[in-house]
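Visitor: Those sequence lines, one after another, are chains P and H. When the first sequence is numbered by the working numbering, its final residue is 119 and no position is left out of the sequence of numbers. When the second sequence is numbered by the working numbering, its final residue is 114 and no position is left out of the sequence of numbers.
The hints are simulated quantities; they were obtained by calculation from the structure and are not laboratory data. Here the structure is a predicted model, which means the values were calculated and not measured. Any given hint could turn out to be false.
Computed from the model, here is a short list of chain H residues facing chain P with C-beta under 7 Å [said to hold, decoys possible]:
hint: 1; residue: LEU48
hint: 2; residue: SER100
hint: 3; residue: PHE104
Even for Gly, the Cβ is constructed at its ideal location relative to N, Cα and C.
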Amino acid sequence: DTAVSQTPKYLVTQMGNDKSIKCEQNLGHDTMYWYKQDSKKFLKIMFSYNNKELIINETVPNRFSPKSPDKAHLNLHINSLELGDSAVYFCASSPRTIGRGFYNEQFFGPGTRLTVL
Amino acid sequence: QQQVKQSPQSLIVQKGGISIINCAYENTAFDYFPWYQQFPGKGPALLIAIRPDVSEKKEGRFTISFNKSAKQFSLHIMDSQPGDSATYFCAASTTSGSRLTFGEGTQLTVNP
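Whole structure, please, built from the sequences with the hints as guidance.
Guide: If you want it as structure tokens, here you go:
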């Protein structure tokens with residue numbers, strides 16, 4: 003199946019732990035994103051990579067670090083987890099390449115529900 | 003800074019009725035306005051989108067109306083069905099940027 007996939011789907015952990023969420027897309031897209039969706043459903047962009055280059059880096063705690071080993075993968079590592087990090091994290095990808103002017107349809111993964119106890 | 007404002011926050015409609023969700027934007031550089039639909043436990047998915055060179059776009063029961071001078075656009079769902087119950091997000095972006103700015107979302111419930 004062609005899609006954006008994330009692992010794990012659920013992540014329950016204690017405060018202070020370090021955890022990673024993995025994302026892979028097999029759509030051949032150039033750009034990938036991480037979003038945080040809070041309990042009120044608001045979607046907040048965190049990071050975006052275009053061909054392994056960081057292009058969007060929103061104001062998020064530096065405990066959050068994205069890593070893109072290749073353009074099909076974008077992982078999110080979170081250090082020293084806090085209660086307020088509990089949310090659903092979505093990975094997305096889009097075919098847009100800077101300079102080509104494609105309209106920016108984004109394809110979302112199924113989400114990872116992170117619960118910090 | 004919230005550049006796309008969406009209302010209402012929640013909406014309850016009877017089956018067969020019309021659902022209307024409104025969005026307003028501030029950045030006049032925006033030139034792409036998509037709507038995303040999100041079912042519980044799933045990621046958002048593109049539903050329909052419009053560019054500012056047209057005032058309306060229709061796909062089946064879903065219609066976007068766009069008012070460039072007022073910097074507003076809305077989603078109309080005709081003959082709403084229980085299967086339409088979901089959270090709807092409006093969004094906006096420019097063709098020169100990769101960022102989508104989302105509205106706050108509207109939780110639609112269609113009662114049978």
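Visitor: Holds or violated: the hint that PHE104/H contacts chain P, with Cβ atoms closer than 7 Å.
Guide: At about 5 Å, which falls below the 7 Å cut-off, the nearest Cβ of chain P leaves the hint on PHE104/H intact, so it holds.
Visitor: Minimum Cβ distance from SER100/H to chain P below 7 Å?
Guide: Since chain P brings a Cβ to about 5 Å from SER100/H, closer than 7 Å, the hint holds.
Visitor: So, LEU48/H near chain P? Judge it on the closest CB pair being under 7 Å.
Guide: This interface hint holds because 5 Å falls under the 7 Å limit.
Hint compliance for this structure: no hint is broken.
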